[in-house]
Amino acid sequence: MQGNFKLAVLAIVLGLTPGLRAQLSIPDPSPSPHANLDSVTLNLAAVEDERGSSGATAASDSADSSASGGSGGEKTGLAHAFLQRVQVHGNLAQSVVYGSGNNFLTMDTNDGTAKWTEGSINLRTAITENFHAGVQVHDYMMGQLGRGNVMLDWAYGDYRVKQWLGFRGGKIKAPMGLFNDTSDTDVVHNWALLPQGFYEAEYRSYNIPVIGGEIYGNVKLPVGGEVAYQLFGGQRSVASNDGTFLLTRQLYGIVISADSGYTYGGDIKWRTPIKGFTAGVSFDNSRPFTPHALWPANANPYGVPLVLRIDSAISRQIYSVDYQRGKLELAAEGKIEPHWVANDGVPVLPTGSWRHAWYVMGAYHVTGKLTAGSYFSRSTGTSYIATFSWAAYDPSNPNYYSDDTVVNARYDINRFFYVKLEGHYIDGDLNSFFPATNPNGLQKVTRLGIARLGFVF
Amino acid sequence: MESHFMKIKTMKNLKSILMAVAILALASSYALAGGVKVIANSSVKADSVSADELKSVFLEETSSLRDGSHVEPVLAKGGAAHEAFVKDYLGKSDAALQTYYRSLVFTGKGSMPKTVGGDAEIAAYVAKTKGAIGYVSAGASAEGTKVLEVK
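Protein chains in written order, with the numbering used here: chain A, 1 to 457; chain B, 458 to 608.
Heads up, some of the hints might be wrong.
Pairs of lysine-lysine, BS3-like flavour, derived with a Cα cap of 30 Å [as the list claims (entries may be wrong)]: (1) A:Lys275 with A:Lys220; (2) B:Lys534 with A:Lys275; (3) A:Lys275 with A:Lys162; (4) A:Lys220 with B:Lys502; (5) A:Lys162 with B:Lys544; (6) A:Lys220 with A:Lys171; (7) A:Lys275 with B:Lys544; (8) A:Lys220 with B:Lys544.
What the hints contain is simulated information worked out from the structure, not anything from laboratory work.
When you get a sec, could you build the whole thing from the sequences and use the hints?
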């Protein structure tokens, strides 16, 4: 997505013909204060006696309650049956980041910062044996991003007809690669920061949610193993507090308030007959459209205020392998992401615009509580943020690549609390650096240390 | 002639290896079966379950067995039987399994399964809970439950 906007602007600079409209006023949105999430533990799945005929509850660690007995009649009984199947879970993570080189992800990391807080809370219930519904809200502050805009993370109904066929509808999370749908859920990862060439923290609002539907299932293969598939379609939108609009405004002075379009894609994972070894492929095609991008006269090279209509096409292919055996976890992925961009319907980008990335990672559960790991991630691309110009891909120029070498440790203190320590050595500037927090330009090397305390229930 | 004897010797060695492999396989199968037993509530019609079915149930990929019985898994919080079951039947470590369930929970694709203390608690829960399916140590009492053969 970052590449999309950079390319879009680039395309406009290269290809704009000044058939343009005037009048514009440029809002300067000031961020709202961040609202920290309070962690609330609710446990409604409590009563284990007098359950209905549809089976066991699936609640975790329930504390018994005798909230509704038999006196309330049938209506109360139904409510009771419903409530005892409700689960509520949440997580909260607070990070401290300190580094040198470039400031990272809109944070003042060179001075040290604690402005990275994330949390979510969800509720899910079984309406029937095969039909489930739930909702999750998510909030985060990451430097200038997020900041108190509680987002609906997912909300959908899920009907599983058979093991090989199920349907989800609502706001779903796009299953791309190994981690896209969980990339905003810190507790499920050993890492504090996932490979940014794949799972950009600043563009989650576009990369993760899809308003639409999904078909999914698991199919046994005659050749051995099993295929888990998910096919989705719907609409993607960029949230106003996402990094996309901020970056476009900081780089080029272009003010965008809406960007959305249709998307479709899928994820297929083959659990091979080799125990613990999974291979997968994901793909999507998206067509984000910005109908009204304002580019003030003092920010564009034409000296007149412009209104742009940016139409883009982004397709991604991600190839994944994952091996889990005993205490060892290994994974690797590769991504191909070609772009196409047009202004007012006219393609203006040179063909062959792309972003590529790959990584290898490994983690070892040293004890039941301690996990140590490392990964190396490389991203390359034809677009860059350092200057307002287009040039051919130059693999030796740090603006066109980003190599991230990471070491990490996670310690689970108990069922509720965990800590992470992570170090990054980033060579190159392709990913995750914003101009406003790097006013003197970008340096080639960035070092980061991240300490995080997490809570989950 | 020498070559002929060599062939016979090689064949004998091969047979010995195959025999050893077979004995090891039997031994490991016995150990697997001997480590834990899978139990279900009496409402579950099936008398046996395949290893694949068992895995699918505990990974929340299905909520019914082939005979149509609705089932919901219950797990122990820890212990030798739990470790053995998770490793042998689900192919994961306990930490990886917790991560898996949390991934389901925070993407809305599943719920956190019921967890209880150990053999006695699992047996008691399974005995009283319609559709419940769990596991206990092979030597543990599982009164009031149905022991499922794992094929």
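Status of each hint after checking the structure:
{"no.": "1", "hint": "A:Lys275 with A:Lys220", "result": "15 Å, holds"}
{"no.": "2", "hint": "B:Lys534 with A:Lys275", "result": "24 Å, holds"}
{"no.": "3", "hint": "A:Lys275 with A:Lys162", "result": "24 Å, holds"}
{"no.": "4", "hint": "A:Lys220 with B:Lys502", "result": "24 Å, holds"}
{"no.": "5", "hint": "A:Lys162 with B:Lys544", "result": "26 Å, holds"}
{"no.": "6", "hint": "A:Lys220 with A:Lys171", "result": "28 Å, holds"}
{"no.": "7", "hint": "A:Lys275 with B:Lys544", "result": "11 Å, holds"}
{"no.": "8", "hint": "A:Lys220 with B:Lys544", "result": "21 Å, holds"}
Of the numbered hints given earlier, the model fails none.
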